[in-house]
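Trainee: The lines below spell out each chain.
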Amino acid sequence: MYQKLIGQASPGLFVILVDQSGSMVERYDNSTRAEFSALAVNRTIYEIIASCRKGEKVVDRCHLAVIGYGERTELILSGCPSQIENPPHGTMSLMRKVSDGAGGLLDVEMKLGVWVQPKAGNGTPMEAALGLAADLVEAWTRDNPDNFPPVVINISDGEPQDAAATRAAAQRLASYGTSDGRVLIYNCHIGTGGTEIRLPSNNNGLPDANARLLYDISSVIPDSLLPLAEQAGLSPQPGARGLMVNASPEALTKLLVFGSGSMKR
Amino acid sequence: MFTVQTFLTSKEGESREDCEDSIHPVPGSAVGDGSAGAFAIADGVTTSFFGGLWARMLTERFAECPAAVFEQPWPDWLLRSQEQWQAAVCERAAAETANFYISNDVLSRRPASATFVGMLLDEPGADGAIPWRAQVLGDSCLFILGKDGPRSLPLTKSAEFSNLVHAAESYANDQGFAPQLYGTAPHGSEPPLVEGDTVLLATDALSKWLLLRAETGQPVWGTLLGLTGQAEFEALVEQARREAQQPMENDDVTLGIVRFGTPHAHYSEACFEPQPGPDPPPREPWRPPVLTPSPAPKSPAQRASARLQPGRWRVLLARVNRSSLVTPVLLGLVLTLAVVLIWQAVQQQQQEAKAAELTVRITTESAAADRLRESLEQAQTDALEVKKKFDRLQGDLVSTEERFRSVSGKFEAREQEWAKQRRELEVKTGNLALALKESERKAGIDRQSLEEAQSQITRLEAAQQAIAANLAAREQELKALREPSEPAPDPPATESPASPPLHTP
Chain A
1 MYQKLIGQAS PGLFVILVDQ SGSMVERYDN STRAEFSALA VNRTIYEIIA
51 SCRKGEKVVD RCHLAVIGYG ERTELILSGC PSQIENPPHG TMSLMRKVSD
101 GAGGLLDVEM KLGVWVQPKA GNGTPMEAAL GLAADLVEAW TRDNPDNFPP
151 VVINISDGEP QDAAATRAAA QRLASYGTSD GRVLIYNCHI GTGGTEIRLP
201 SNNNGLPDAN ARLLYDISSV IPDSLLPLAE QAGLSPQPGA RGLMVNASPE
251 ALTKLLVFGS GSMKR
Chain B
1 MFTVQTFLTS KEGESREDCE DSIHPVPGSA VGDGSAGAFA IADGVTTSFF
51 GGLWARMLTE RFAECPAAVF EQPWPDWLLR SQEQWQAAVC ERAAAETANF
101 YISNDVLSRR PASATFVGML LDEPGADGAI PWRAQVLGDS CLFILGKDGP
151 RSLPLTKSAE FSNLVHAAES YANDQGFAPQ LYGTAPHGSE PPLVEGDTVL
201 LATDALSKWL LLRAETGQPV WGTLLGLTGQ AEFEALVEQA RREAQQPMEN
251 DDVTLGIVRF GTPHAHYSEA CFEPQPGPDP PPREPWRPPV LTPSPAPKSP
301 AQRASARLQP GRWRVLLARV NRSSLVTPVL LGLVLTLAVV LIWQAVQQQQ
351 QEAKAAELTV RITTESAAAD RLRESLEQAQ TDALEVKKKF DRLQGDLVST
401 EERFRSVSGK FEAREQEWAK QRRELEVKTG NLALALKESE RKAGIDRQSL
451 EEAQSQITRL EAAQQAIAAN LAAREQELKA LREPSEPAPD PPATESPASP
501 PLHTP
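These protein sequence lines are chains A and B, in that order.
Here my numbering is used: the first residue of the first sequence is 1, the next is one more, and so on.
Here my numbering is used: the first residue of the second sequence is 1, the next is one more, and so on.
Rather than coming from a laboratory, the hints here were simulated on the basis of the structure.
Treat the hints with care, since some could be wrong.
What the hints assert, rightly or not - In silico lysine-lysine, DSSO-like type, Cα no more than 30 Å apart, as pairs:
#1 B:LYS410 x B:LYS420
#2 A:LYS97 x A:LYS57
#3 B:LYS157 x B:LYS147
#4 A:LYS97 x B:LYS388
#5 B:LYS354 x A:LYS57
#6 B:LYS354 x A:LYS119
#7 A:LYS119 x A:LYS254
#8 A:LYS97 x A:LYS254
#9 B:LYS387 x A:LYS57
#10 B:LYS389 x A:LYS57
#11 A:LYS119 x A:LYS97
#12 B:LYS389 x A:LYS97
#13 A:LYS254 x A:LYS57
#14 A:LYS97 x B:LYS428
#15 B:LYS437 x B:LYS420
#16 B:LYS410 x B:LYS428
As the structure is a prediction and not an experimental result, all values here were calculated from the model.
Use the sequences and the hints to build the structure in full.
Mentor: And the structure:
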């Protein structure tokens, strides 16, 4: 299980859910949670498309969808790499340190596509977002029954407004899969207000009911994907779940790198 | 002595040009007899940057001089291909058609990665056995189908294949992976190749599948050994991908077969019996849901004109006319309100027109800034390129200086050696001259002694002749004294019979 290679003949599906509720305006790593999440998601989309590039052309090795939830629950982005390689909101410049090949670092200005813009308002309709993701995944798995299963990554900073409905929607989402395994659901609760917990393998140390809910709806990382988590800089124990609680910006970035890493096998 | 076949095919759903594996000899090339005795495969990592180009450069580099990969340190061997690859991607990033993905990847030095197997056969021994050596990096494998059973290097079990692959990278890297050397002594401890052996070079998907089949008691060596052409190879790969149990992964697949005579019989008998799973139902490729675009936000000027559309006013007035409260006072109020609204709308229109003008200016300025930024990026790329060239030249200069120093050192040492030898020769010459003079002097003395001896001999001979003459005279006198009583005897010989021949030294 979870062995199938992602390729043009057997594409993968990546769905990212982004919390756009009012609390996302709070400060987070020199910006706001909304801005940082949008940046991290844009980086992930960029990396996924970059790994679908074959020389000068792009190959449709996967499908991508981004769902925002807050004031509205909507599909912000959807398509194959060839359809979305030109970012709808242009590009932004980003300074990045790169190796100069001689042991030093160079500051270079790079361009990052803007597919998702930061947004914050209203409550946290996580159940609606998970429901929309479930609809998408249901259709996709029906059409791609033998591919690597879909990966769903949910980024949120708060409590779902309806815990019971959220649990039910997540269970429906988790019930879908392919012959290569069930849907993988990873959750990242971002925040700076408590002890950070990365990829827990039990719910003993979790701070509250909200964290326990996220633990319950997060997938156990399959053994075949544990090396990818290691490669992303995480140290998962066997049985670890794809969950971050009170995640720092670094932890959020690593979870996204790991979540989208199935592309790079 | 041995024959070679090479095959290559791409992932299902991708074209042959998209294949990121590479093999030497190239399939269909005119080296089918394998006279060069050198074979290589490389597998460009799919998600790396221009991985296929990198894999091809590695096998081409190997083909140019197969022994070099065994004689040079690995980073030195890679260096030329790395420079070649870097120049190629810089050229692509500088092309007008380049997008920001390529520019970013060049600026951030995103590498290409590839696994590699390079094998070289050496001269056969007296018994006909062929020694060999191979450099192997990553999960591309070398299979030796020997008399006593198959052997695979470096991975020996299907479970050893993982997502993390050791590979050669297109930028020099201190933490880079190096290949493992295998072969017969002194390179390793493998047996030499003998009649009946077969060598297979295979990239990861095929290697893993071959091991899986062997582990489950269903080896397929015979099918590989019976391949006669590319079409058969592609059919085999397609069937292997359709297997119900343990299908081959959908990846680029490369195979090299080197046969040493007729393969051992037990391999030829192990053939693939396809047991395909159900055919996938024909279906349209999945299309992600199409997003309904939100209506484009109107510009301030459009919004203002929408508010002032005459139609809207007519509707408003019609509503007012229908009202039962049509009185002059109300009409006055309505008119006053309308005037106020019109005034506000005009004010707002003016402000929005200004805003629109500002927006246009901002757009123009942004475009100019973008152009400048692009120029700056281009300049940065150029500067980076120049710096790389400078670094390369500096590296060349340093190595030239080192070579010069090394040659100078050797020259000085040689010169000192020569000077020493010259001095020794001079001493020897002097000694010989002295010895010659001494010899000449001695020879002079000897010559003088000889002349003296000769003159003495001459004198002695003269004296001897004189004595002989004297003796003869005496005998004649004696004869004369005796003559009255006896007849005179014959006169004696003048030469002395005892006189020996003279030899000059």
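Trainee: Confirm or reject each hint.
Mentor: Hints, verified against the model:
1. B:LYS410 x B:LYS420: Answer holds: LYS410 (chain B) to LYS420 (chain B) is near 15 Å, not above 30 Å.
2. A:LYS97 x A:LYS57: Given that 30 Å is the threshold and the Cα spacing comes to 26 Å, the pair holds.
3. B:LYS157 x B:LYS147: Status holds; Cα separation ~20 Å.
4. A:LYS97 x B:LYS388: The given pair, whose Cα atoms are some 17 Å apart, holds under the 30 Å limit.
5. B:LYS354 x A:LYS57: Outside the cut-off at roughly 43 Å; violated.
6. B:LYS354 x A:LYS119: Roughly 28 Å separates the two Cα atoms, so the pair holds.
7. A:LYS119 x A:LYS254: At roughly 22 Å apart (the allowed maximum being 30 Å), LYS254 (chain A) and LYS119 (chain A) satisfy the hint.
8. A:LYS97 x A:LYS254: 18 Å, holds
9. B:LYS387 x A:LYS57: 28 Å, holds
10. B:LYS389 x A:LYS57: 28 Å, holds
11. A:LYS119 x A:LYS97: 28 Å, holds
12. B:LYS389 x A:LYS97: It holds: about 21 Å lies between the C-alpha atoms, which stays within 30 Å.
13. A:LYS254 x A:LYS57: 27 Å, holds
14. A:LYS97 x B:LYS428: With Cα atoms ~71 Å apart, LYS97 (chain A) and LYS428 (chain B) exceed 30 Å; violated.
15. B:LYS437 x B:LYS420: 25 Å, holds
16. B:LYS410 x B:LYS428: 26 Å, holds
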